[in-house]
Amino acid sequence: MTQRFLSHADLGALVAELVAAHTRVIAPVRAKDDARQLDYLPIRALADAALGVALPRRSLKEFFLPPTEVLLSYRQTKEGVEIKEVPTQAQPQVILCASPCDAAALEVVDKVMNWEYRDELWFGRREATTIVSLLCSIMDSSCFCSAIGLGPDSSRGSDVLLTPVEGGYRAQVITPKGEALLKDYGSAELSAAAEAGAEAAQLAARARVANNAPAIPAEFSAWLAENFDHPIWKTMALRCNGCGACAGVCPTCHCFDIVDEHESSEQGVRRRNWDSCQMAKFTLHASGHNPRQSQSERFRQRIQHKFSVYPRRFDEILCTGCGRCSRICPGGMNLPEILGELMALAKSEPEKSEGSGQ
Amino acid sequence: MNIYQPHLMRIVEITDETADTRTLKLEFKDPAVAAAFQFSAGQFGEYSAFGEGESTFCIASSPTRKGYIECSFKASGKVTKALRRIGVGDTVGFRGPYGNHFPIEEMKGHSVLFVAGGIGLAPVRCAIWNVLDRRDEFKDVTIVYGARSVADLVYKRELEQWAQRDDIRLCLTVDPGGQTPEWKGDVAFLPKVIENHVVTAEDTYALICGPPIMIKLTLPVLAKLGFAAERIYTTLENRMKCGLGKCGRCNIGSTYVCKDGPVFTAAEMLKMPQEF
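As you go down the protein sequences, you meet chains A and B in turn.
Residues in the first sequence are numbered from 1 upward in steps of one, following the numbering used here.
Residues in the second sequence are numbered from 1 upward in steps of one, following the numbering used here.
Hints listed in this document are in silico derivations from the structure and should not be mistaken for laboratory results.
There may be inaccurate statements among the hints.
Below, a sample of chain B positions facing chain A; criterion: calculated Cβ distance under 7 Å [claimed, not checked]: (1) 2; (2) 3; (3) 4; (4) 50; (5) 52; (6) 53; (7) 97; (8) 244.
Glycine is no exception: its CB is placed at the ideal position from the N, C-alpha and C atoms.
Take the sequences, apply the hints, and build the full model.
Next up, the structure:
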């Protein structure tokens with residue numbers, strides 16, 4: 001890893017050159033429908049970006065797994081069916097001033113997307129994208145990245161991590177992609193004052209999120225599996241409306257549906273659309289049988305998948321502690337609170353609960 | 001290559017099994033794909049009717065029968081209804097084979113008990129023909145098959161063929177009330193038939209597929225006969241979309257039916273959360 005100093009002017013020049021070369025640059029900007037909120041959107045100049053204001057409403061997921069995307073198009077004639085493939089290579093893009101939790105989420109989801117079968121649509125976009133993250137200074141009480149083992153200064157999933165210092169940024173270059181992006185910008189000289197300033201900013205940011213939730217212990221995933229039938233799941237889910245908003249804003253929820261859509265009697269497309277385990281139809285069999293009939297079972301699936309199934313399959317928690325699910329939930333469900341309650345239970349009842357397993 | 005891209009297959013034969021269940025015989029359109037295609041008994045695929053979507057079925061034909069595959073389905077949803085509307089010569093999509101398979105090689109030199117209920121005979125039939133096409137490699141073969149009524153029995157021509165062979169024991173049954181005046185088989189629920197006809201579990205593998213309630217009531221009967229849970233194999237049929245471990249739909253606890261299954265032993269199923 002190398003370090004550089006980037007002035008605000010350097011960063012502005014980088015954006016200008018990328019835009020001039022028709023590279024899509026995405027950054028947090030004021031939402032068009034609500035100036036208090038931010039969205040990750042394409043920018044034309046650095047001045048379009050709103051930095052250090054708030055976490056964007058949605059994560060970076062949609063740039064890699066769009067809410068809806070065409071998997072193939074088909075044409076059906078008397079002679080048969082012709083399939084038109086979709087390209088799996090994507091146009092180069094740069095994501096600027098990403099939140100570290102959103103950058104980390106992509107690396108977590110990479111595991112399932114590369115599980116035996118490689119999802120070339122996902123990885124086509126991953127490979128074409130360079131991610132420059134910015135030290136997080138915008139946390140609120142819903143944030144709990146440090147409980148997951150990340151932090152506001154995590155460089156996981158980033159090609160470059162920026163930390164604000166006097167007059168600009170300390171740029172930590174994490175990957176060759178980051179190196180290629182920054183090689184002509186800023187200076188390799190980082191003053192001792194800038195270095196000290198960056199470290200102070202890191203410490204201050206960490207302190208602001210550290211007490212939001214206790215760290216999740218390694219044995220928690222096994223406890224959740226053992227306590228699949230614990231009575232707590234029923235009462236915990238009472239406030240859950242099953243709307244699935246949590247899954248939409250979640251940077252790591254990746255479940256999808258595949259459907260065909262006619263465009264005419266002869267042709268149409270096959271699409272992949274975001275879906276959520278909170279929907280009753282998600283697991284409904286053709287026979288009418290549904291393995292997850294109640295909302296408490298569907299809520300349990302969400303928690304189990306993130307904090308037990310994924311850790312046991314991929315050695316990763318399927319959550320980055322971004323807090324979006326808590327902020328958006330119309331029922332007032334709060335994930336750090338829920339985890340706190342479950343972890344307290346795991347401490348007081350370490351054994352398998354009565355009625356578990358069978 | 002995009003992993004969601006299906007191969008094109010031509011329908012070469014259609015058999016109506018019951019009023020609502022149909023078997024399609026399919027051949028790959030691309031000879032190179034046909035030549036490279038291999039699968040094992042128990043594996044499944046995603047079959048598509050273009051314009052309607054994809055549906056998950058096992059491959060119902062045996063891997064010993066080369067050059068084609070068959071699938072059997074009940075017209076119950078959007079895709080299966082569309083697959084019923086199309087005819088011989090028409091094109092469907094196929095992705096697969098996916099998932100694990102029955103332990104045919106491990107079963108060599110042992111006896112096999114096949115148990116199926118209703119359309120659950122489809123995955124079992126794949127294994128039955130696999131064993132029958134290599135009959136001398138296995139000891140006793142017993143098939144117990146039941147349906148709600150005589151009209152609901154599938155693969156009727158093959159049931160007749162099996163009845164005439166002297167190297168298979170075939171027990172057919174329909175639920176009480178489902179018999180016709182001509183019916184010569186049993187009239188009883190499947191677990192009872194197993195209790196009456198299957199004498200021993202010694203040196204025997206059991207392969208059992210059917211509706212969840214049938215599996216649930218049959219497992220204790222097999223246990224009573226002395227079948228070890230590790231020797232009882234079944235398939236789980238969770239709703240799936242991708243078949244590739246990505247879409248997040250088919251898991252039971254940390255078990256992904258599409259990747260770890262669809263074939264599981266009764267012992268494995270007992271260890272899973274009971275959410276299927």
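A quick look at each hint next to the structure:
For residue 2 (chain B), the suggested interface contact is upheld, since its CB lies about 6 Å from the closest CB of chain A, less than 7 Å. Because the smallest distance between the Cβ of residue 3 (chain B) and any Cβ of chain A comes to about 5 Å, under 7 Å, the interface hint for this residue holds. Given hint, residue 4 (chain B) at the interface with chain A, holds; its Cβ is 4 Å from that chain's nearest Cβ, closer than 7 Å. At a threshold of 7 Å, the smallest CB-CB gap from residue 50 (chain B) to chain A is about 5 Å, leaving the interface hint in force.
Against a cut-off of 7 Å between C-beta atoms, the interface hint on residue 52 (chain B) holds, since the closest Cβ of chain A lies about 5 Å away. The beta carbon of residue 53 (chain B) is positioned within 7 Å of a beta carbon in chain A (closest approach about 4 Å), and the interface hint is therefore held. Taking 7 Å as the C-beta contact cut-off toward chain A, the hint placing residue 97 (chain B) at the interface is violated, the least distance being around 13 Å. This hint holds: residue 244 (chain B) has a C-beta 4 Å from the nearest C-beta of chain A, less than the 7 Å allowed.
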